[in-house]
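Chains as they are written, first to last, in the working numbering: chain A, 2 to 116; chain X, 16 to 126.
Bear in mind the hints are in silico, worked out from the structure with no lab data behind them.
Predicted, not measured: the structure shown is a model, and the values here were computed from it.
Hints are not guaranteed to be accurate.
[Unchecked claim] Taking lysine-lysine and the DSS-like style, the derived pairs with C-alpha atoms no more than 30 Å apart in a straight line are:
#1 X:Lys-82 <-> X:Lys-51
#2 X:Lys-71 <-> A:Lys-8
#3 X:Lys-85 <-> A:Lys-66
#4 X:Lys-71 <-> X:Lys-85
[To be verified] Here are some chain X residues pointing at chain A (derived, C-beta under 10 Å):
#5 Gln-21
#6 Ser-22
#7 Leu-25
#8 Tyr-50
#9 Gly-55
#10 Ala-56
#11 Leu-76
#12 Leu-79
#13 Asn-81
#14 Ser-88
#15 Gly-97
#16 Ala-100
#17 Thr-112
#18 Gly-119
Note that the Cβ used here is the ideal one computed from N, Cα and C, for glycine as well.
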Amino acid sequence: SAVISQKPSRDICQRGTSLTIQCQVDSQVTMMFWYRQQPGQSLTLIATANQGSEATYESGFVIDKFPISRPNLTFSTLTVSNMSPEDSSIYLCSATSGDLAQTQYFGPGTRLLVL
Amino acid sequence: GEDVEQSLFLSVREGDSSVINCTYTDSSSTYLYWYKQEPGAGLQLLTYIFSNMDMKQDQRLTVLLNKKDKHLSLRIADTQTGDSAIYFCADHNQAGTALIFGKGTTLSVSS
């Protein structure tokens, strides 16, 4: 299994500012993902973080708003840019361990409140 | 596109069995997953089932899969107050990489 940590665990931000969330995995993983969980909702995939190339974004999410980096096989960052109150959510990082079941493990999440 | 549906709430008494149901649309799914989210926490993988199996048992958890009806269920035997959480059913997306989640079933266990 993979153990995933995220920083910060929570933050309160002013609208118009940006926040970068860090995700660290304790072992090399094949794939890393960023999800958003809006209050009382399920998880929605934002993008797949690709090592050494640009992230692959899902419909409704764009690079200018959610730039993602993945410099190596154990680390990724997600930036929430030019924040508005609608960006208040839990942001979760996940990684696939590469086993046959493609088991996906999640970080504890970053709870973001935008005022 | 793919879709995963779950009932939203389930309330049981401590010691009873809980059954959480899920339906999915992607008939090519290879694995299906159950995750648990406790208040203020991230997602914990509970169990998964390979699509060629009808049933998988893991201690108090039993997963049943009806591939013909695209129906998945999670049974928790002897439900405890510590089982109170949101349970998510998940399937892979069309690319077979990331996960698509149901809306989650909130399980409330009363003593």
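Against the structure, the hints come out as follows:
Under the criterion of a C-alpha separation no larger than 30 Å, the hint pairing Lys-82 (chain X) with Lys-51 (chain X) is consistent with the structure, at around 23 Å. A threshold of 30 Å between alpha carbons decides the hint, and for Lys-71 (chain X) with Lys-8 (chain A) the separation of about 36 Å lies outside it, so the pair is violated. Pair hint Lys-85 (chain X) plus Lys-66 (chain A) does not hold up; C-alpha atoms about 36 Å apart against a cutoff of 30 Å. A distance of roughly 16 Å separates the Cα atoms of Lys-71 (chain X) and Lys-85 (chain X); the hinted pair therefore holds under the 30 Å criterion.
Of the supplied interface hints, the one on Gln-21 (chain X) holds, with its beta-carbon coming within about 9 Å of a beta-carbon of chain A, less than 10 Å. A least Cβ separation of about 13 Å between Ser-22 (chain X) and chain A goes past the 10 Å threshold, and the interface hint is therefore violated. Taking 10 Å as the C-beta contact cut-off toward chain A, the hint placing Leu-25 (chain X) at the interface is violated, the least distance being around 16 Å. The closest approach between the C-beta of Tyr-50 (chain X) and any C-beta of chain A is roughly 8 Å, which is under the 10 Å cut-off, so the hint is satisfied.
Nearest Cβ of chain A to the Cβ of Gly-55 (chain X): about 8 Å, under the 10 Å cut. The hint holds. For the restraint placing Ala-56 (chain X) at the interface with chain A, the shortest Cβ-Cβ distance is roughly 6 Å, inside the 10 Å limit, so the hint holds. Violation of the interface hint for Leu-76 (chain X) is found here, the shortest Cβ-Cβ separation to chain A being roughly 16 Å, above the 10 Å cut-off. The closest approach between the C-beta of Leu-79 (chain X) and any C-beta of chain A is roughly 18 Å, which is over the 10 Å cut-off, so the hint fails.
The restraint placing Asn-81 (chain X) at the interface with chain A is violated, with a minimum CB-CB distance near 20 Å, outside the 10 Å limit. Contact between Ser-88 (chain X) and chain A, as hinted, is not supported at the beta carbon level, the nearest pair being about 18 Å apart and thus beyond 10 Å. Interface hint at Gly-97 (chain X): violated, since its Cβ lies 18 Å from the closest Cβ of chain A, which is beyond the 10 Å cut-off. Hint status for Ala-100 (chain X) relative to chain A: violated, with the closest Cβ pair at about 14 Å, above 10 Å.
With a cut of 10 Å, the hint placing Thr-112 (chain X) at the interface with chain A holds, because the nearest CB-to-CB distance is about 6 Å. For the restraint placing Gly-119 (chain X) at the interface with chain A, the shortest Cβ-Cβ distance is roughly 6 Å, inside the 10 Å limit, so the hint holds.
Comparing the model with each numbered hint stated earlier shows that hints 2, 3, 6, 7, 11, 12, 13, 14, 15, 16 do not hold.
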